[in-house]
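Please put together the full structure from these sequences, using the hints given.
Protein chains in written order, with numbering that gives the first Met the number 0: chain X, 0 to 277; chain L, 0 to 201.
Because the hints were derived from the structure by calculation, they are not lab data.
All clues given are correct.
In silico DSSO-like cross-links for lysine-lysine, where the CA-CA straight-line distance does not exceed 30 Å:
1. L:K169 - L:K27
2. L:K40 - L:K110
3. L:K40 - L:K27
4. X:K76 - L:K169
5. X:K237 - L:K27
6. L:K27 - X:K238
7. L:K49 - L:K169
8. L:K110 - L:K169
9. X:K139 - X:K238
10. L:K110 - L:K49
11. X:K139 - L:K169
12. L:K101 - X:K139
13. L:K40 - L:K74
14. X:K237 - X:K139
15. L:K77 - L:K40
16. X:K238 - L:K169
17. L:K183 - L:K49
18. L:K49 - L:K74
19. L:K77 - L:K49
20. X:K238 - L:K183
21. L:K183 - L:K169
For clarity, every value in this text was computed on a predicted model and none was experimentally measured.
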Amino acid sequence: MSIRPGLLTTVMALAAAPGWGQAAETEQLSVQLVSDTDSVQPGKPLLVGLRFDMQQQWHIYWRNPGDSGEPPRVRWKLPAGFQAGAIQWPAPERLGSGSVIDFGYPGSVLLPVQLQTPSTMVAPGGSITLSAEVSWLVCKDICVPGEAALTLTLPVRPAPGPVSASHALFQQAGSRLPQPMPAGWRAEASSGQAVFLLTIHGAGVGPASFFPLEADQIDNAAAQTSTALPDGVQLTLKKSEQLAGTPARLDGVLNLGPGRAYAVSAPVRALPERSAPR
Amino acid sequence: MKKLVSWSVIVVAAALVAPAWAARVGEKAPAFTATDSNGVKHTLAEDAGKYVVLEWHNNGCPFVRKQYNSGNMQKLQKEWTARGVVWLTVISSAPGNQGYLKPAEENAYLKQMNAVPTAALLDPTGQLGHLYDAKTTPHMFIINPSGTLIYNGAIDDQPTPDPASLAGAKNYVSQALTEATAGKPVSVPTSRAYGCSVKYAD
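What follows is the structure, encoded as structure tokens:
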């Protein structure tokens, strides 16, 4: 019944591999700052990430957490001239059952962030330290908030060395990131009284599920029906009870299976009479 | 030779438990009967003519604890019940799940926290929760004196369990009640309820 405070017992890694920051650990997860490369190059973008590793049955949340929950947040403290981009959110999984459905990540997930770096830094041979204050909500049947101050120190070098130990993580994460739709694909949506019909025209489109970026557009718990079209697929999405008016677009992630997630932004028009599928 | 191009797949096989008609703002609030922590039966009908607040609750949820440990929820309960509003705290946690309390335990909790709802409704079957499609704790509903739902959503505009967020938060329940009791339209009649999922039996 009781909530355990998300107290952290920071693990003192003896000698962290290049590209891996120290992990902060709670009873529910461990989180650390990692980088795609083993060093930083002045003026070159630097790809880093927050790696969450959950205990079994625990999950954290996507940017739209769904019916409950809260996405992780990060506040960067960076050396002068560094600038952090937004979190690149991998395609989420559908979590929960019954009338409360959430979107998030069980198991492990890497949330990549691109950093812009200044063209001049400390002298080569020196190093820089990236700091991030990260907070999250981790849930299974109960929820526990947590926070940690993470750091990652990287040497400054004119060129990257052999790939860092965490490079494989970034490759894996890349395959989970929503990609732009393939050339020739087109998304459009129509708005009926109780449903949106989201249509993806394109070769090789199959049964799919849609994850909305915006809360309160679709009913997260309602089943999504995929219907084959000669040139694509049509998803029937029940509207949220909370939706007021018709949104201009349906923005979200279309998931067609492992490694096949696409960013979708479908203009919405009013549904013509009697054009419901089947 | 003929290619089979017709399929129709329910990609998501989750059972659709959503009620036939959920509580929708602007419409009649669903009628209910529920028993409180003192064993007293409550019906929505008996509160006709009054404003009724429904507050979904789970004493272990960090988002609820933000409201209660700070005294914020109790303050709202005190302020609005003093003005004739019926405030019903609802616990839809199933036995064995977080937040489930037996009647005596809930009464002890209310006393310990100095919580002063009109009543705490115990809904271990989740019937009332599903009727209103309550998704989170907290999840707030307001019904006006003629029985129309006028608010469905979050407690405030700070979707985080961080107590520091209470300073400067816009409390949607206070705002809606203030507006409605002054005869004004509710400026934010719905919002995305945030918090822990309601711990239904499922």
